[in-house]
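My request is simple: use the sequences and hints to build the entire structure.
First to last, the protein sequences are chains F and C.
Per our numbering, the very first residue in the first sequence carries number 1; after that it's consecutive.
Per our numbering, the very first residue in the second sequence carries number 1001; after that it's consecutive.
By construction, these hints were calculated from the structure, which means they are not laboratory data.
Straight-line C-alpha distance at most 25 Å; calculated DMTMM-like pairs for lysine to aspartate or glutamate:
id: 1; chain 1: C; residue 1: Lys1164; chain 2: C; residue 2: Asp1129
id: 2; chain 1: C; residue 1: Lys1077; chain 2: C; residue 2: Glu1156
id: 3; chain 1: C; residue 1: Lys1053; chain 2: C; residue 2: Asp1107
id: 4; chain 1: C; residue 1: Lys1130; chain 2: C; residue 2: Glu1153
id: 5; chain 1: C; residue 1: Lys1005; chain 2: C; residue 2: Glu1105
id: 6; chain 1: C; residue 1: Lys1005; chain 2: C; residue 2: Asp1167
id: 7; chain 1: C; residue 1: Lys1164; chain 2: C; residue 2: Glu1153
id: 8; chain 1: C; residue 1: Lys1164; chain 2: C; residue 2: Glu1105
id: 9; chain 1: F; residue 1: Lys113; chain 2: C; residue 2: Asp1131
id: 10; chain 1: F; residue 1: Lys113; chain 2: C; residue 2: Asp1167
id: 11; chain 1: C; residue 1: Lys1164; chain 2: C; residue 2: Asp1107
id: 12; chain 1: F; residue 1: Lys113; chain 2: C; residue 2: Asp1129
id: 13; chain 1: F; residue 1: Lys113; chain 2: C; residue 2: Asp1127
id: 14; chain 1: C; residue 1: Lys1130; chain 2: C; residue 2: Glu1156
id: 15; chain 1: C; residue 1: Lys1163; chain 2: C; residue 2: Glu1075
id: 16; chain 1: F; residue 1: Lys171; chain 2: F; residue 2: Glu257
id: 17; chain 1: F; residue 1: Lys113; chain 2: C; residue 2: Asp1107
id: 18; chain 1: F; residue 1: Lys113; chain 2: C; residue 2: Glu1105
id: 19; chain 1: F; residue 1: Lys98; chain 2: F; residue 2: Glu258
id: 20; chain 1: C; residue 1: Lys1130; chain 2: C; residue 2: Glu1146
id: 21; chain 1: F; residue 1: Lys113; chain 2: C; residue 2: Glu1156
Under 7 Å between C-beta atoms, here's a sample of chain C residues computed to sit facing chain F:
id: 22; residue: Phe1020
id: 23; residue: Tyr1027
id: 24; residue: Thr1043
Example chain F residues on the side facing chain C (calculated, C-beta under 7 Å, incomplete):
id: 25; residue: Arg117
id: 26; residue: Ala128
id: 27; residue: Tyr225
From the three backbone atoms N, C-alpha and C, an ideal C-beta is built for every residue, glycine too.
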Amino acid sequence: MVTKIDVFVAISIAIFVLSLAYITSLGGLGPLPPVDVRDIAYQYLNLTYNPWRRFLTSFALESVTAIIWDFRGLDTLYETAVFYGAIIASIALYRGVKITHSRGGTGLSPIAKTVTRLSFVLIPTVAASVALHGHLTPGGGFQAGSIATVVIVLAIIVFSRYFLPGHGLSKERALLLRSIGLLGVGLTSIGLLLISFLLGVNAYIFQNQAKLDAPLSYPSLVDDYTLGGSLLFFNLSEFIAVAFGFMIVFLLLSVSEEDVREVVTRD
Amino acid sequence: MRIVKALPLMLLSFIVYIVFTGSIRLYDIVTGIAVAVVIGLITANVVVSNPSKAYSINRLRWLIQYVFHYFLVSEVKAHLDVIRRALSPRMPINPGIVRVPYRVESDYAEALVACSITNTPGTVVVDLDKDRRIFYVHWIDVKTPEPEKARLEISELFERYAKKIFD
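Written as structure tokens, this is what we have:
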């Protein structure tokens, strides 16, 4: 049954949407985006892989990765640092909570377990491929790390939350591996700078390829195969950092409320 | 010992890597081998318990034969049957859950039979009792509630192959 109020509401919404669209089209809610490709987008597309402009290109075939880890690499470094900080904060919240593997969990059915065992091989393989081809095809370190995290979630849900720590992947080890990943990101960003100190030449932080006044570059082409210079190292390090970062969070989240409360209310 | 278990997994990982990447240039092969070695070594003890089976050419032959038979014969027959039931105006279904005993030994054989039953339209394994060695199977057309006869109808063929491949 359609009442008068329904009709009134429908007409008001229609008028509101139309006027908002009209105002937007006139530029009332801020400047309108240009119809043509913007200058910065043109530069990104032009320079992602451009052997004729050696001092500006990043020798990758994937613009998004080139933007994320080269043109705007500093942004991504801080993003990674924020993610790392969030994980440190979660660990701090759960301080004192032990993730033991003494009590054996039961998990799901034997069929689910058997099939999941196989995916322990398949999923990380796909993740590694995504990470190692981030400079060539869509994907990269963060995406690969997220894919690999599926294995962690599967292991916790299908087997038990005691499964990973019981097989040598404790929270502490994950934290170590996560830190190694972050260290990889850090070292890659200042790698050329460190080498330049030894050689006594110019270099920049976050330098991928040689610039006019800075002659060092990361390897970009091997036998006409594109390596993307620093992008490969960034993707690989980020892959490790993200996968084990998520692992820590999921391990912490899988601890039961009682166990956490026991520790938190102890003192 | 670990390397013996890891080798077949490395091969599997490498093949998946190359197929997923869709390219076999030097870079893909080198990184593929590195990834396969690492993943194979890490997962070896969790995934493989009896590596000698993985090296048997005979088992591989049965597996390939099964893949062809399963997807080209069993699946097609089951699909046609369910399509007929779905399209028929009388909707000739007689659903129910039956006990289906199984005799395969290893975890992988058990999982293969269960997944084969579930993947064919019309039958779904809803639970299993590992002690009594019974699948509980939801069947779109319960021809018989008798466990042994149901086994003949549903999973006898799958089990015969699963035994040769994994047991």
